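Enquirer: Quick note, the sequences are listed as chains A and B, same order. Each residue of the first sequence is one higher than the one before, counting from 0 in numbering that gives the first Met the number 0. Each residue of the second sequence is one higher than the one before, counting from 0 in numbering that gives the first Met the number 0.
Everything labelled a hint here was simulated from the structure, so no lab data went into it. No experiment lies behind these values; they were computed from the predicted model shown.
Distance windows between CB atoms, simulated:
(1) Glu-66/A with Arg-360/B: 37 to 43 Å
(2) Glu-334/B with Val-149/A: 55 to 61 Å
(3) Arg-57/A with Arg-360/B: 29 to 35 Å
(4) Thr-161/B with Glu-66/A: 46 to 52 Å
C-beta atoms are modelled at their ideal positions from N, C-alpha and C, and glycine is treated no differently.
This is what each chain is made of:
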Amino acid sequence: MDGPDAADVVAAASGDVAAFERLVRAMQGPVWRYVVHLVGDHSLAEDVSQEVFIRVHRKLHTLRDPERFVPWLLATARNAAFDAGRYRKRRPVELVGDRDIWSPEEAQDPHLSLEIWDALGRLDAQLREAVVLVGMIGLTYQEAAEAIGVPEGTVKSRTFRARKLLLDMLGPGDDDAT
Amino acid sequence: MPPETPCDSAMLEISVAHDEAREVAPSVLDHIQECRECTEFAARIDELDDLLAKADFRRAPDVTTAVIEHVNRQRPQWWSIAAVALVGIVVGALIGGTRLDVGQAQDLSELFHTAGTDLDGLSAEVLVVERGVHPAIPERVYTGTIDYVAPERLAIDLLDTTDYPHPGWLANDVEITISDGDVVIVAGSPCPVAALPECLVEPTTRAIRDQPPFDDGVLLPLEIAGPARTLSRPGGIEVLGTTEIKGIPAIQVRSTVAAVELVGAITDHGAWRELHPTDEILMWLDEQTLVPLRLEVFATDSPERELWQLRHDYDDDPAGDSPIFIVELTNLEAEPAPVDIDVPPDAPSRGFVDVSVDIPRPALPDGFQPHRSGFWLLNDGARVELASWSDGRSWLMVEIVTDWEEPRLFGLALPFVESIDLGGGSIGYLSPTGDALAIYSETADVLVSGSVPTESLVVAAGTLRVRGLRVPSTWQEASTVEVVDLPSGTLVPDVEGWSALGRIDETGTTTLLTGSGARSVVISQQAGDRLAPPTGPDYSEVEVRGLAGRYNVSEATLEWVENGQVIRMRSDTVSLVELIDLASALEPR
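Kindly generate the complete structure, drawing on both the sequences and the hints.
Expert: Now the structure itself:
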């Protein structure tokens, strides 16, 4: 994916609030998409997304390389999502894989997307995380590996397996269907 | 999990080649051509990507406003510098010592490090005047007390004495207690002018415990007992002359809120009004210790300040001669009361453990004694050992980690670093602000930081018996250069009081200018012959270096094209006038 301007990252780390605001605007979409997959709850995902950027603002000065901002941000999002899960552990909420996000009315095009919604929801959480980062958000393998904290090869493997399972679940393609 | 079949291997290669936007490796082409499953997988992977793109969730909520409001409330660190600007004001009159040669007053950095001396503690009463909070509240007046015990204990109690027009207005009382790594603050929260007074809340307690000594995110009592951050890099501080204030010999200086970060931080906790980073400060520094005795803040007259004022609903008069913020001390005493702290049991811990550690004492300035030592753990479990020393006013700290595995220097915030010869073939890397030096070695990664002069940091680092190596060429720090090493034709600054470091990447160059306090400017230069189209209404035409340029007031960015380069200077801590002055001082390398 096209990350934010590195100069904005540097400026934000130096205390430039306007630059930080640009970072938030540029990255809140990808953060939201990632977090909602991790926590499985729209309302909680919004809270976690806010918390992610507040953490990022607090910690941005520790980021050594502005070019690594995106994976660092998403790693922060991952930590915040899991912290939120721990915080809510007394409630009967499954951290990953909660089905409430897969309701078809949430889809931009319910008719087209119903099957992919359902298929994504049935994926193993690790596989879904990989395909969301690479296939949906557009991270490179290296970036996704940094965000998740696993080797690049693991991301490649998980992304492939996710795709294969998704295609299996979706059934034959258009050519076969006609 | 490795693929188990030739088909899996082939499809994995198809998937990876798809993501890396390249051709499939020839080694699997034969298999793919004979494998219907593989062919179908290859054919449908684009279809799957389309489905994933359309399977987006409902529109992501816009959290920007909530985040930025939070950031503005917290900036820079609510418990850090805020309170203790006040302490700095008090100390001056308490410390004895030899009168400084005021003829040297222009060199505040040198004066600061040669001035004053052991500081055991103080107590005082403080007066704060805050103007322009709200049309119904033209002025608020605070009285309070300060007790400071060197080096890391402090108690401040500010009482808002304002006579409010009705009970909906809550007093902006503030209590701050700090004791060796624990902080408790009882204060309200800021509100937009338009929402006053309905949005005011009763003061709440915020606390944190177990912080490392002299933690940058918490409090540097020694810094505030003397404004080292402000004076150690005095770019943006103009010495006006010598005078007296209430009978105390003083040096009068002019600066900005951004340069004197302690002052700006006062307004960032409690329900204070905001000050603009470019607002002018008049400050009277005690001649003997260079501690500020009185501060006055004035609204500046500039387009960016005017826009900011409109957006914040303030009615400040930039042309007036009345300060919008004043801090002054009264009734000084040399003996502080004991600082007692009551940390709530559920206060979050930073995880620092105070214990003895095996860090050799480096070469230190005279009078430095051991202070706190201990360890803390990084997120990945790596253990950082730490030892600190202080002479009561200045401090120096050494942190060592033996299993740092990140591909970057331990402890430095940005890849902008200056390579320093530590002697004996050893190399260190100095931060742009000159207050931290990192060492990369085969056995350990080290950070030496402090409020002492940079030369003292370098001397201390050179005596740690750690042989610093050059960082690997793949690290970002390796691409940082001194401005003299930027490509020919690059516009480079040569401005007194600002440090400059550059980086080169495939798109061009980036130069970071670091001034006093929080002042910084980022200059980016890329090949191009025209500016991008405006993205909003906030642009104005300006002349810069004799050329037509433009200034985006909402993004605080000055842009122009010169000799085939698009040049952007961005800073929200420096006014447009000063940005243009800095631009004028750029010279092609």
